[in-house]
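Read off the chains here:
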Amino acid sequence: MTAAASVSAVLFYSPIPAFLIFLGCLPLAAVGRVFVSFLKRYTFIASMIIVIVVFQSFFYAFEHHVIATYSLGPITLQLRYEGVWKALWLVTIISAFVGWLSLLFITTHPGDLFAALQDLKLPYLASFIVLSALQMVPMMQRALNLCIEAQRSRGLEIGRNPLKLVPIAIPLTVGALERINKMSWSLEGRAFGSTGSKTSLRSTELRTVDWVLMVVSAVFLGAMIVLRLAWGSLYVPYEVFFPSS
Amino acid sequence: MSFVVVGIALNIVASRLATLTGLPGIYMDLMGTFLTALILGPWWAAATGFFTNILNGIMFSPVGIPFAIVNVAFGLLTGYAAEHGWTKTWPKTAVVFILSCLIVSFTASIIVVFLFGGATGAPQDIIVFALLSATGWGMFSSVFIADIVGKPIDMIIEYAVAFAILRALPGEYRLKTPYGKKK
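Top line first, the protein sequences correspond to chains B and L. Take any residue in the first sequence, count from 1 to its spot, add 245: that is its number in my numbering. Take any residue in the second sequence, count from 1 to its spot, add 120: that is its number in my numbering.
The shape of chain B in the complex, shown without the other chains:
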């Protein structure tokens, strides 16, 4: 579904289809009871969205029509129709991408995600690296807090001097290496390098509902491609909104 929605969002050069696709993931986030964590993902891109609108609306470089002119001290800014259109298009497709991908990542345990990808022939090593790193990050974050506290108790104040991060980064890395070494030994002890088929605590099986959703997604994507071919990019030119000029 995520792939079909993301591809469909970029098929048209118009914010309307991308916005509708973005709206499509909101009820799913509500039904999945992940709405709050879903919205939190947007805090990362809130400032980016504002800057995109400003940059594209006022500095669109290609052929354009000026809607309005503003003076900001010595700087004159022109609001450009084609830039506003592109800004809205970019903002809606980014929102749709972030929405559908966030929904996937929030509602699917990474173990299940990579087990499913392994069924699709993703190398075992790749999924093992990602899943091990997923476990390693919280451990290192805890170790980081310990290192910071330990170095502070010795009188180290980081302040705004980035070179003072060195006494924290070194024990953090060496500690992580020791931990990962132990993990490697225990893996080797369990015949990690053997070539036979491996078993896993997590496994995925395609249920009827998964097949139905896959068919629905494929039909949706196919329909969007047909609409793209029939209706064009859905771009609305300047003259439609401002016929007199």
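Read the hints as simulated data drawn from the structure, not as lab findings. Any given hint might turn out to be false.
What the hints assert, rightly or not - Here are some, though not all, of the chain B residues that point toward chain L, as calculated from beta-carbon distances under 10 Å:
1) Ile294
2) Val296
3) Ala306
4) His309
5) Leu389
Computed from a prediction, not measured in an experiment: that's the story for all the values here. Even for Gly, the Cβ is constructed at its ideal location relative to N, Cα and C.
Dock chain L against the given chain B, drawing on the hints supplied.
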């Protein structure tokens, strides 16, 4: 392979550590990739960079996923440089350093301009705005210049901390690496 896991975690945790300084333009999100490049070479470094951004996408925000290209390019460059002995002397390391800044800023600018309309959501957007409005430069030039201006400061910290970590590592790691005396 286990070092790749540490490299990925180091990239993610070091970028959190960088926020402690409160300095704009300091990301430290390539340190694990650089360390892996010095120890394991280009392809493992590229894998470290790639999976760092995938993991960041899963854990925090999918916006970071396209920037995997930056991390991969940096890993390949520094990995090949380390493999061919370009990180053993300071003058050669300086050349790799300059190339790293250029490659990272160039690839990041391409992604920022073509996927995100020139915006990063970071304080450097103010510099981009100033360049766009005052100089009349194009979007790509403005984004690239705004990024490359602050890049050496971030990169010098990445290099300094990575080399400091490398020197502090047990000999069993260093001697296996292109950086060490035996390969």
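(message) Check the structure against each numbered hint from earlier and tell me which ones fail, lowest number first.
(response) 4
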